[in-house]
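Novice: Please build the complex by placing chain B on the supplied structure of chain A, with the hints as guidance.
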Amino acid sequence: MKDISKSFPGVKALDSVDFKLRKGEIHALMGENGAGKSTLIKVITGVYEKDAGLITLQGESIHFKAPEEAQNKGIGTVYQEIMLCPNLTVAENMFIGRSHSLVVNWKQMNEKAAQLLDSLGIPASPVQELTSCSLAVQQMIAIARAVDMDCKILILDEPTSSLDEDEVHKLFKLMRELKARGVGIIFITHFLEQVFEISDRITVLRNGKLVGEYETTSLSQIELISKMLGNVLEDITKIQKHEPIVSDTSIPVFEGIGLSSAAGVRPFNFVIQRGEVNGFAGLLGSGRSESARAIFAADKVTGGEVRMKGKSVKIKTPLHAIKQGIGYLPEDRKGDGIIDDLSVRDNIILTLQVMKGFFKPFSLKQAEIFADEYIKKLNIKTPTPDTPIKSLSGGNQQKVILARWLLTNPEFLILDEPTRGIDVGTKVEIQKLVIKLANNGMSLTFISSEIDEMIRTCSRLIVMKDREIVGELKGTELTETEVMNVIAQGGKNPCLN
Amino acid sequence: MPKLIKHFSHLVLPVSVMTLLIIINLIKGADYFRITMVNGAFYGNIPNILFGASELVILSIGMTLVTAASRGQDISIGVSATITSAVFVQYVLQAGEVTLLTIVVGFLLSCVIGLLLGAFNGTLVSVFKVQPMVASLILFTGGRSIAFMIDGKLSPILANDISNRIGTVIPGVPIQTPIILTVVFIALVAVLFKTTNLRLYVETVGINPNAARLNGINPKKIIFLTFLIMGICTAVAGFIAVNKAGRHDSVNLLKLIMMDAILAVAIGGNSLIGGKFSITGSIIGAYTIEMLNRTLLRLEIEPATIKVFKAVFIIILMVLSSPVVRVFMKKALDRFRSWRLSISQPKENALSATNIAEKKEE
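First to last, the sequence lines map onto chains A and B.
Whatever position you read off the first sequence (first residue = 1), add 212 for our numbering.
Whatever position you read off the second sequence (first residue = 1), add 8 for our numbering.
It is worth saying that the hints were derived from the structure and are not from the lab.
Remember, predicted model here, so these are calculated numbers, not experimental data.
It cannot be assumed that every hint is accurate.
Said to hold, decoys possible - Computed list of lysine to aspartate or glutamate pairs in DMTMM-like fashion (alpha-carbon distance at most 25 Å, straight line):
#1 B:Lys338 with A:Asp598
#2 B:Lys338 with A:Glu280
#3 B:Lys338 with A:Glu261
#4 A:Lys364 with A:Glu467
#5 B:Lys202 with A:Asp553
#6 A:Lys648 with A:Glu467
#7 B:Lys228 with A:Glu680
#8 B:Lys137 with A:Asp511
#9 B:Lys284 with A:Asp553
#10 B:Lys284 with A:Glu467
#11 B:Lys284 with A:Asp552
#12 B:Lys228 with A:Glu580
#13 B:Lys137 with A:Asp553
#14 A:Lys232 with A:Glu389
#15 B:Lys284 with A:Glu427
#16 A:Lys421 with A:Asp263
#17 A:Lys602 with B:Asp342
#18 B:Lys228 with A:Glu427
#19 B:Lys229 with A:Asp552
#20 B:Lys202 with A:Glu467
#21 B:Lys338 with A:Asp552
#22 B:Lys202 with A:Asp552
#23 B:Lys339 with A:Glu261
#24 B:Lys284 with A:Asp598
#25 B:Lys229 with A:Asp553
#26 A:Lys421 with B:Asp342
#27 A:Lys568 with A:Asp584
#28 B:Lys339 with A:Asp553
For reference, chain A alone in the conformation it holds in the complex (with noise of 0.2 Å):
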């Protein structure tokens, strides 16, 4: 199987790029936000069809109309959200829509089930009820599910996301297997580690152009960035971090004392000074997004006292936050961010607009003059400030985000997981303005599940475990084995609840 070339003259969203998948390898697909990656996934599925260009199968041309043909045809994918029935079984999920008899032989599928998952190592049981599955265990059975029909071709579009170290090396061991079997993996994701940790090979897309095909050993990481974006590699080392100048006598920005909500995060201190930047640094599931959830209100809150500035006040709702001068920007942009039919202008007006009043509407004049403001500050691609944020990419939807939040001027500003799933390029921009805004004497909470861009930003770092408080450190302890020990050894500083 080899010699994937097309090109899109209309859209330029792919031009003229190559691909080549040998058998039994892992090939990486790289590139930021709108490099055209997910594009050639497409047309390689039959989602979209080709401009021009030519599909080749093991020697043998073939286009494809439709998803199903692709399928038929061995090309298996997995997305990175799982599209399972989450109350049906495994071997259900795995079996479901194949048939195409009415009568379901319930034993035999369950025994094929059972069967597949053992020799690919899955630990599940065929009759489980999927939501039963930690995530892993769920994005292996899509695999299973994609692999069994006599699969050549298995495309993997960010498969690692959502899981933590564990459970990708869990996936990786998954995908050597099949690797052995001479099935082609085509592998998608933003973590660098990661693809060099797994593939044999690397291709690389900018702007929907081909960069090149490497063998992964023959580069480094740094190239590899810098393959990807060009330049600002530079940038990423010039990021100084701000130490802000604390005294005993300084009155904290935001104080909570023994705070709890009903996410089940265990009671916790937090404190934060002007033009501070910390950060809750720990595992998935380890509480960090729920003490955040916890400081805004997210949640329900059961207990705590916070004060702002000394003053005791208090926060139930969001909006009692939003109006004690605190932003929060959630870590599920889709879920709880954007407002994905809203044009780019209202997304980023509106919380500045629910602060000023449901009576007190902005002229439209108005809301285009912070839209255009923001739009220019941050840097945020958008064809105009009418189209619907939906339609931007991940990074340029999440600076709309943070626009909302920035106009409305906060004090104290959580950023849980920001640089998710969004372009390096991007990444940096997120970190470097962090540092801005903290130099301008705004205090800022940064969750990252990369904790490098944490040791990058934060000059103290709060380290959680299972949903409590372990440990904080600042200055020189701030490395990345130091987080590490204190996670494994479950706390340093027993002391600090």
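Specialist: Coordinates of chain B only, in the frame set by chain A:
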């Protein structure tokens, strides 16, 4: 011009249906737009449509808002209007001598009842999270009996000069009163949208209630508010309907009007699962439905079979505006465009052809 088209693209469907109906009517008889003056007021096909659609227009405004915020429909509107108007009629009948004040107080009283009914549905939907259609099923089922109990007998008659004038024409004013009331109501709604953030809030809640909450909007309050507005709409519609009829028929007043109201929302280009909405679209949709009803009558279709023709027309309309057909049309249009492009730029085309040839050799 292209910007203008883009801005009003959601109105393409209702406007084109209306145009089609007008063409059909003009074919049937060129005198379609003729307006005659009877006793100092305008009559004719168009005034009749505006007159007949008054209640539907008002109710579809409320339906649009409820749909946008709660992602569901209120099916109790006709029944609610029957209850509010029953209260209005009883107040007027018991007042003895009917003055303008009696009518105004009676109307305001029916508005309060409308708010209460709206609050009932709104509480079920926003607080108890009952699906709107199920929540309003309660009033839909029991409401007409309540109205009958308020009436105390079948069809109490509303015979006084003021009611007659509200239902038909005020001497000296050339336009029928329900048309004027509808225009005033639409104007008030426009003012409401101009002076508040109702649109932004309702759309935000309808599209993403989680995000709305995190940005300081309380989705429950907004959904409740849309049902309150719907309550006012039912009171106004009930007021107009009962004054038009001159009596309160608790069994048949505005019967099954919620179907037409939902249809008006759909023809207006609105999604029935909430989110962005167009009041203008719904209003045009409501007038279109009335126009369709009267067109079928004008074509002298037998009254007993008229509903079949209406149904067929609506099916064709809905299929044409369905996402499947839209995507198909868009694809066809894209193909046509690229075909035209390939004619105007033969050079580039040839280039890409050689490209393909090269790749084949590889």
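Novice: All hints are to be evaluated individually against the structure, with a verdict given for each.
Specialist: Here is how each hint holds up against the structure:
no., hint, verdict
1, B:Lys338 with A:Asp598, "holds (21 Å)"
2, B:Lys338 with A:Glu280, "holds (22 Å)"
3, B:Lys338 with A:Glu261, "holds (14 Å)"
4, A:Lys364 with A:Glu467, "violated (56 Å)"
5, B:Lys202 with A:Asp553, "holds (21 Å)"
6, A:Lys648 with A:Glu467, "holds (23 Å)"
7, B:Lys228 with A:Glu680, "violated (32 Å)"
8, B:Lys137 with A:Asp511, "holds (19 Å)"
9, B:Lys284 with A:Asp553, "holds (7 Å)"
10, B:Lys284 with A:Glu467, "violated (40 Å)"
11, B:Lys284 with A:Asp552, "holds (10 Å)"
12, B:Lys228 with A:Glu580, "violated (29 Å)"
13, B:Lys137 with A:Asp553, "holds (23 Å)"
14, A:Lys232 with A:Glu389, "holds (21 Å)"
15, B:Lys284 with A:Glu427, "violated (49 Å)"
16, A:Lys421 with A:Asp263, "holds (15 Å)"
17, A:Lys602 with B:Asp342, "holds (21 Å)"
18, B:Lys228 with A:Glu427, "violated (56 Å)"
19, B:Lys229 with A:Asp552, "holds (21 Å)"
20, B:Lys202 with A:Glu467, "violated (40 Å)"
21, B:Lys338 with A:Asp552, "holds (22 Å)"
22, B:Lys202 with A:Asp552, "holds (23 Å)"
23, B:Lys339 with A:Glu261, "holds (11 Å)"
24, B:Lys284 with A:Asp598, "holds (14 Å)"
25, B:Lys229 with A:Asp553, "holds (21 Å)"
26, A:Lys421 with B:Asp342, "holds (23 Å)"
27, A:Lys568 with A:Asp584, "holds (19 Å)"
28, B:Lys339 with A:Asp553, "holds (22 Å)"
Comparing the model with each numbered hint stated earlier shows that hints 4, 7, 10, 12, 15, 18 and 20 do not hold.
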